[in-house]
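**Q** Make the full structure from the sequences, and use the hints.
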Amino acid sequence: MQDFGQAIALALGLVGSADPDLVEIVVLSLRVSLTATALACLVGLPLGAALAIARFPGRGAVLVLVNALMGLPPVVVGLVVYLHLSRAGPLGFLGLLYTPTAMIIAQMILITPIVIALSRQVLEDLWAEYAEQFHSLCLTRVETVGALVWDGRFALMTVALAGFGRAVAEVGAVIIVGGNIDHLTRVMTTAIALETSRGDLALALALGLVLLAIALGVNALVQGLRLTAARFAYA
Amino acid sequence: MREGVLDTAPGRAARTEAAAPALLPLETRGLTLALDGRTLVDGIDLDLAGGGITVVMGPNGAGKSLLLKLLHGLTPPTAGSVRWGGQPLDPAVRRRQAMVFQTAVLLRRSVGANVDFVLRSRGRGARRRRDALLAHVGLAGRARQPARLLSGGEQQRLALARALAAEPEVLLLDEPTASLDPASVVAIEAIVRAARARGTKIVFVTHDIGQARRLADDVVFLHRGRLAEHGPAGRFFDAPRSEAARAYLDGRLVV
Chain A
1 MQDFGQAIAL ALGLVGSADP DLVEIVVLSL RVSLTATALA CLVGLPLGAA
51 LAIARFPGRG AVLVLVNALM GLPPVVVGLV VYLHLSRAGP LGFLGLLYTP
101 TAMIIAQMIL ITPIVIALSR QVLEDLWAEY AEQFHSLCLT RVETVGALVW
151 DGRFALMTVA LAGFGRAVAE VGAVIIVGGN IDHLTRVMTT AIALETSRGD
201 LALALALGLV LLAIALGVNA LVQGLRLTAA RFAYA
Chain B
1001 MREGVLDTAP GRAARTEAAA PALLPLETRG LTLALDGRTL VDGIDLDLAG
1051 GGITVVMGPN GAGKSLLLKL LHGLTPPTAG SVRWGGQPLD PAVRRRQAMV
1101 FQTAVLLRRS VGANVDFVLR SRGRGARRRR DALLAHVGLA GRARQPARLL
1151 SGGEQQRLAL ARALAAEPEV LLLDEPTASL DPASVVAIEA IVRAARARGT
1201 KIVFVTHDIG QARRLADDVV FLHRGRLAEH GPAGRFFDAP RSEAARAYLD
1251 GRLVV
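If you read the protein sequences in the order shown, they are chains A and B.
Residue numbers 1 to 235, in my numbering, belong to the letters of the first sequence in order.
Residue numbers 1001 to 1255, in my numbering, belong to the letters of the second sequence in order.
Quick caveat, the hints were computed from the structure, so don't treat them as lab data.
By construction, the Cβ of each residue, glycine as well, lies at the ideal position given by its N, Cα and C atoms.
Among the clues, some could well be false.
As the list claims (entries may be wrong) - Residues on chain B that point at chain A, a partial pick, calculated with CB under 7 Å: (1) R1094; (2) M1099; (3) L1149.
**A** As structure tokens, this is what we get:
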């Protein structure tokens, strides 16, 4: 337990002094996961909205599938992306394996189903309220999806947050396609796994603290925005 | 309430000269809606040829709101047909109509953005026009306020401004003043009259007899999903032909 106490003290020191290695890892983590979240939202929100509105045969099966994909194991996603990006794979010529781009792709695939499934849920409730009015206005599909996503924007921030939380916290996918290369593809979770196995608990704990702080900070920010929005009856 | 403020907007002049909108006459034949084995609208043959305000009256459950939805194409009929100006209810016809619901469904946006939404969707986005519409319904200078924080009466006036933004030839109003205070009712009736004066055909559902007397040019009386009576307002109120309408006007219980 003494080790643990020392490690905590060292960890706080690393965070307090903005250790360059620590900062590099945190910045790359945020870059990868925020980009993956943004891309997943770009694809997932319109699809979620379309799924909320559309009624077609087999819709139930699609919903089950999307919901099931929310539980995609990160290592499986990592493996599939790895197979595609590896030199022998169909996309091997792009030379993306062991780059941050590969990590972004893997995380995007991992969280897009989450964004689709959760936004479908949120927007279906909104659609129930708007449907008659929108039918009356004879809006196009694109106008309808756009208006739903825009009017659900504050609720959808929570959806994006769920995606980001999943992306920034997962280790299985990024370690397979990124390789945890120092100064290149080392992110918080892969570094924590590595440093723990190497016995450098201080850096591992420091990264753990930052990870927790980010989770807290982002949640507080979104909560604040939602409360503000609710005051104006926009949420 | 300044009447006629919208007449300055481009594209209106041509229509104000016409006696009746091109979407008339409305003609329904055997219009029927059944849900779960219950016939809620039962074989309605309705002809609306003239402009002005047609008030649809009847006791609760008579099928007033459903008739309006059928006329607007929000609900497909189980049987029968609706033709506006000889045309079936296709999107092109429906876009020339606008409907206001009993409870205003406002977007989670500002007052101005609610009107802009419809103006843009009709390719007529212009701030001047939006401000004219808001002024017309007595919401001048409120464009930046959150729409859903308006009072009930103001929300309904905004819903009307939004409907008018579509420049409808036919305005369908489903009990727009139910549960509003008298001042709001007066304001909304003034907006409706202004729309009639500009040549917009109005179909107005209400079960408020006083309101029907104030507004109606002709009255459609429904009873148990059937068309009990349709005639000019004066004749309807002075000498209703159907027993159901007589009882309703007398304040007797009609079921």
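**Q** I'd like to know which numbered hints this structure contradicts. Please list them from smallest to largest.
**A** Every hint satisfied by this model.
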